[in-house]
Amino acid sequence: METTLLIAAAIKIGVFLGVTLTLVSVCVIFERRFSAIIQDRVGPNRTMIPLSILGFKKDLALPIGGLTQPMADGLKFILKEDFTPSYVRKAFFWLAPCMTMVPALITMAVVPFGSPIEFGDLVIPMAVADLNVGPLFIFAIASLSVYGITLAGWSSNSKYPFFGGVRSCAQMISYEIALGLSVIPVLMMFGTLNLGHIVEYQANNGWLLLPFWGEGLTAERWWMLIPLVVSFFIFTTSIFAETNRTPFDLPECETELVGGYHTEYSSMKFALFFLGEYAAMIIGSALIVTLFFGGWSIGFGIDGLLPTGAWWVSLLHVGCFLTKVTVFILFFILVRWTVPRFRYDQLMNLGWIVFFEAALINVFIAALILAVPHIGYLAFGVCLAILLVITGVLFAIAKSAIHAPKEGTV
Amino acid sequence: MHSLLFYLFSFLAVAGGILLVAFRNPVSSALSMVLSFVGLAGLFIGLNAYFVGIVQILVYAGAIMVLFVFIIMLLDLNNEEKVKFRSSTVVLGIVIPLCLALQILGVIQSQDTKEFQPITEETLAAAAESFPEDGAIHKSLAHEKTPKLPDTNLIGQQIFTHYNFPLQVIGALLLVATIGVVVLSKRTAKTRPTDS
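Heads up: the sequence lines are chains X and A, in that order. Residues 295 to 704 (our numbering) make up the first sequence, in order. Residues 17 to 212 (our numbering) make up the second sequence, in order.
Only chain A is shown next, with the shape it has when bound in the complex (with noise of 0.2 Å):
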C-alpha cells in the first residue's frame, strides 16, 4: 500500500517535471510545475513529515507558483520559440545538476545514517525517553491510546533550539531583500515620466 503511493507520488513529480521542460506554453509548464510541487509534497508525508509536505504545498504550489502564473498572464506571453542550443549551455547544463549529484552522493557518504527503525509504538516510546516529560513532543510520543510521531513540534524544537541564530540571520536576511524591493520599485515609479 504505501510502495503504491510511493510510486504514485514519485510519478507525479517526475512527470511534473518533464512536463514542465517539454510544454511550449508557460502557463501550462507553470502548472505542470505545481504537478511536481504536489508529488513531493505527496513524497514527504509518505515519510511522515506532514508539515514539510503541507508547507511545500503552502509556500511553493500555493504561493510562488501562483505569482508566477499571475506575472505570466500580465506579461501576456506567448509560446517559447524553439531554440538552437549552443553547445556552451548544454555542458553547463550537465555539468551543474552533476556536481549537484556529487554533493549529495558525499553527503550522504559522509552521514552516520543510524539503522532504519519503522514507527510503532515501541520505538516512540523508546524516543519520548529523551524529552522532557511535561513537554507536548513526550506527551504525544508517550501517549496512551494513539502514540504519534509530532513532527511539528519536533521541527520547531530543533529550529528554536540547536538552529535559533541561523534562523534569526535568515529573517534579518528577508527583512533586508524586501526593504529593498520595495526600495528600488520605489525609485523607478519616481523617475518614470508622468502622464499629462
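Bound-form chain X, shown alone (with noise of 0.2 Å):
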C-alpha cells in the first residue's frame, strides 16, 4: 500500500509538473495570438518546423496556426549569449531567476486536478498533497516569489534594477493583505481548509458563485452571494496584483523603468523571470477555478450522475479542470491588453485604502449572515446597523485619505 502511493505521488508529480509547464508555453502562445486579435494584427501563426537546415527542400508547416511558436520561442531563449555584466552581485543574480520560478511550480502541489480515483480500497486524490490547509499553503508558498524579484532588482546593482525591486516588494506585501482577508468569507462557507473537500462541496451544492443545484438552493447560500462576489473581485484583482500583470505591472513599467527588475537579465534567466510570470498567472487561475467555480466539477448536479472513483470520470474531471483554468487565463490575457497601467499611488491607494477595509467589512457582514440561524433576526439587524455605521465612517475617513493634500511628504 505504502508503495502503491508512493508509486502515485511520483506519477502525479511528473504528470502534474509537466502539465503546468506545457500551460505556460501555451500560455504564450495564447497571449501573443489573443493580443494580435484584440489589436486587430495576425500575429505569430505560421511558424514551420526547419527542416530545410537539415537537407531537405522545404520546412514543415503542420497546421496548428502557429502552436510551433513557443518551439521556437524556447530554443532561441537557449541559444541567445547568457551575459552577466560585470558588476552585478553574482551569487543572488543567478539565484533569482530560481526563486521566481520554483515557488510556482511547488504550489501546484496541493491543486485537485480531478476527483479521487479509486482502486479497490485505496482512494487517490488527484492533488499531489492532499493537505488539511491548501489555500494556506498556496499563500505561504507563494509569498516565497517575492524574493526571487526583489533579490533581482537588488542584486543587478543599477537603478532602474533596483526601483522595479523595491516596487515590486512593496505591491506584493500589500496586495498580500487584501488577498488573504478576502478569501475568509470562503473559507467559513466552507469550514475546511482542505481543497479536494472544498471542490467536492461545490459539485454536490452548487459552485460557490453560481449555486443552482444540490444545497445551493436554500435563501442562506444566495445571500452569501453578497459578500462572496465582493470577495472575487477582491481576490481576483489582489491575484493580478501578485503575478505583476497588467494593470498592476509597475515593477517592468518600460516607460519608466526600461524593463524593471529584469533588465540585465539575458536569455535563459530572462526567460525563467518570463515564464515565472506565466506560472504564477496559471496557479492563480487554478485557486480561483479551485474556491469560487468548482474546481473539476462539471457542474449542474452531473457530478452525481457520474460513477464514482473510475479512472475515465477522473480524466473527464481533470479536462473540465483544465478548461476552466485557461478560460481564465484568457481573462488574464484580456484584461492586460484592454486596461491601461494604473500610477504607483493609485495602487497603493487600491490595496491599502480600498480593498484592505473593503475585505475587512465584508469578512463581517459574511459572519453576520451565517450567524442569522444561531442569534435571530433582530440582533442580525442591530449588528447590520452597527457594521454600516463603522463602513460609512471609514468611508469617510478613507475618501479623505485618498485626497489629502500632500504636504510634508519626500
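In case anyone wonders, no lab produced these hints; they're calculated from the structure. Note that the structure is a prediction, hence the values are computed from the model and not measured. Heads up, a few of these hints could be off.
Some chain A residues close to chain X (C-beta under 7 Å, calculated; not the full set) [stated by the list, open to error]:
| hint | residue |
| --- | --- |
| 1 | I70 |
| 2 | I73 |
| 3 | M89 |
From the three backbone atoms N, C-alpha and C, an ideal C-beta is built for every residue, glycine too.
Two chains, two frames, some hints: make the complex.
Rendered as C-alpha cells:
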C-alpha cells in the first residue's frame, strides 16, 4: 500500500509538472495570438519546423495555427548569449530567477486536478499533496516568490532594476493582505481548508458563485452571494497585482524603468522570469477556479450521476478543470490588453485604503449572514446597523485620506 | 524515511542559523534566516502540525523577512566590519541563552507529558470520543476511509474556547501598537522642514 501510494505520488508529480509547464508555454502563444486579435493583427501563426537546415527541400508547416511558436521561442532563449554584467552581485543574480520560478511550481502540489480515483480499497486524490491547509500553503509558498524579484532588482546593482525590485516588494506585501482577507468569507462558508473537500462540496451543492443545484438553492447561500461576489472581485484583482500583470505591472513598467527588475538579465535567466510570471498566473487561475468556480466539477448536478472513483470520470474532471483554468488565463490576457497601467500612488491607495477595508468589512458581513440562524433577525438587524455606521465612518476617513494634500511628504 | 527528513530539515535550520551569524553581508544574513525558517517549518510539518508549519513560512519567511530585506535594501547597508567583542557582550551572550535553556528545561521537567502515541486509525478514533459528534473535529478524526488529524480545527478550538480572553487582549495590544506607530510616524512627518 505504501509503495503504491509512493508510485502514484511520483506519477502525479511528473504529470502535473508536465501539464503546468506545457500550459506555461501554451500561455505564451495564447498571449501573443489573443493580443493580436484584440489589436486587429495576425500574430505569429506560421512557425514551421525548419527541416531545410537538415538538408530537406521545404520546411514542415503543421496545420495547428502557430502552436509550434513556443518551441521556436524556447529555442531562441536557450541559444542566445547568456551575458552577466561585471558589476552584478553574482550569487544573488543567479539565485533570483530560480526563486521566481520554483515557488509557482511548488504551489501546484495542493491543487486538486480531478476527482479521486479508487483502486479497490485505495483512494488516490488527484492532488500531489492532499493537505488540510491548502489555500494557506499556496499563499505561504507564493509569498516566497517576492524574494526572486526583489533580489533580481537588488543584485543587478543598477538603478532601474533596483526601483523595479523595491516597487514589486512593496506591491506584493500590500496585496497579500487583501488577498488573505478576501478569501476568509469563502473559507467560513466551506468550514474547511482542504481544497479537495471544497471542490467536492461545490460539485454536490453548487459552485460558489453559481449556486444552482443541491444545497445551493437555499436562501442562505443566495444571501451569501453578496459578500462572496465582493470577495471574488477583491481576490481576482489582488491576484493580478500579485502576479505583476497589467494593470499592476509597475515593477517592469517600461516607460519609466526600461525593463524593471529584469533589465540586466538575458537569455534563459530572463526566460525564467518570463515563465515564472505565467506560472504564477496559472496557479492564480487554478486557485480562483478551485475556490469560486467548482474546481474540477462539471456542475449542474452532472457529477452526482457519474460513477465515483472510475478512472475515466477522473480524466473527464481533469479536462474540465484545465478548460476552466484556460478560460481564466484568457481572461487575464484580455484584461492585460484592455486596461491601461495604474499610477503607483493609485496602486497603493487601491491596496491599502480600498481593498483592505472592503475585505475587512466583507468578513463581518459574511459572518453576520452565517450567524442569522443562531442569533435571530433582531440581533442581525442591530449588528448590521452598527456595521453600516462603521462602514460609513471608514468610507469618510478613506475618502479624506485619498484626497489629502501631500504636505510634508517626500 | 521520517527520521531522514527530520535530519534534513534540522540541518537546514541549524545551517541557516549559523550562516546568519557568519555572513558579513546583511542580505545574505537575512536570506539564511529565511532558510532557517523554512527548515523549522519542515520540522513542524513532520510533527503533523501543518498549520503551524505553514504559518511559520507565511508570517516569518513570507512577510517579516521580506520587510527586513526591503529595509536593508532601502538603507543600502554595507558589509559588517569585523568588530572586537567586549567581554561584557560575550558574558551577556552566554548568560541570556543559558537562562532560556534553563527555563525550557524547567518547563519540560514540570510538564506531565503523556506517553507517546503514534497516529494510527485506532488512536485517532479513540481521540474522537472526547469531541462532540456533529463537530468538524470528530468527523475528521473518525472518518471511515481517510481519518486525519485536523490540526487547524484543533488549534481553533483551543484558542476560541480555552484562550479566548488572552486572544482578545493580544488583539487589542497589537491594535494599540499599530495606532502608536502611525501616530509617531505622522508626528515626525509634520515637524520635518518642508521643501521650498
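Checked hints:
no.: 1; hint: I70; in the structure: holds, 5 Å
no.: 2; hint: I73; in the structure: holds, 4 Å
no.: 3; hint: M89; in the structure: holds, 5 Å
Checked against the numbered hints given earlier, the structure satisfies every one of them.
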